[in-house]
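Peer 1: Sequence:
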Amino acid sequence: MENSRTGQGGKAGYHHGDLRNALIGAGLELATDGGPGKVVLREVARRAGVSATAAYRHFAGQGELLHAVKMEAQQMLADAMERVAAGLPGDGDPGVAAERRLVGIGRGYVGFALEHPGLFRTAFHHATAGEEEDAGWGGVTSVAGNPEFRSYNMLSAALDELLAAGRMPAANRPGAEAAAWSTAHGVAMLILDGPMARLSQRDRDGVIERSIDTIVAGLLVPREHPAGA
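Numbered per the numbering used here, the sequence shown finishes at 229, counting up by one with no gaps.
Calculated from the structure, these hints are not laboratory results.
20 Å max Cα-Cα, derived DMTMM-like pairs, lysine to aspartate or glutamate: (1) Lys38 with Asp193; (2) Lys38 with Glu115; (3) Lys38 with Glu72.
Given the sequences, and given the hints that come with them, work out the whole structure.
Peer 2: Next comes the structure, spelled out in structure tokens:
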């Protein structure tokens, strides 16, 4: 039964209301602790304080549950990006505001990855055999306005704002999302799983700031070669 009971380990179980969201919440706890590999349906049910049978009424299998947790992690990532971007005002200048918003989005992205590595990895988890298929970019009719791609849409809108404000040449706009996203994601993964994990906090912050500033500067100005180069 989906009635009130307390799960093992001292965690409060499901009591009433929306069991689906309670299961997703338990899944987010597991993802926070250990990434997508820890999001197991039976453990999620145990944490929510219900039987696995009750959990299966809301999720057909492991893949469906993990996909739902992934979508929540994506929303949490986008929220973090929005918070940082909102904290960098543009002093009334639309061009400055657009530039600072792009910088804030990048800092929020990398910051979330480092603060919540398990959730970050879950947000970008790809389906494997036996899991719900991940449609990816080619499997959606439209990325724009799709909540599944909210963080990407935020980046795209910030780039459009730069262009509209005259801060970015039109020639730099095509493919700008891929360049900016790849830079932020690459820096995050090098710090999480690569040699940059050994950097001091000060050096790490410097790498993040320099990387984001470099990609933004590259989008703002035409790439010109010095005479005689």
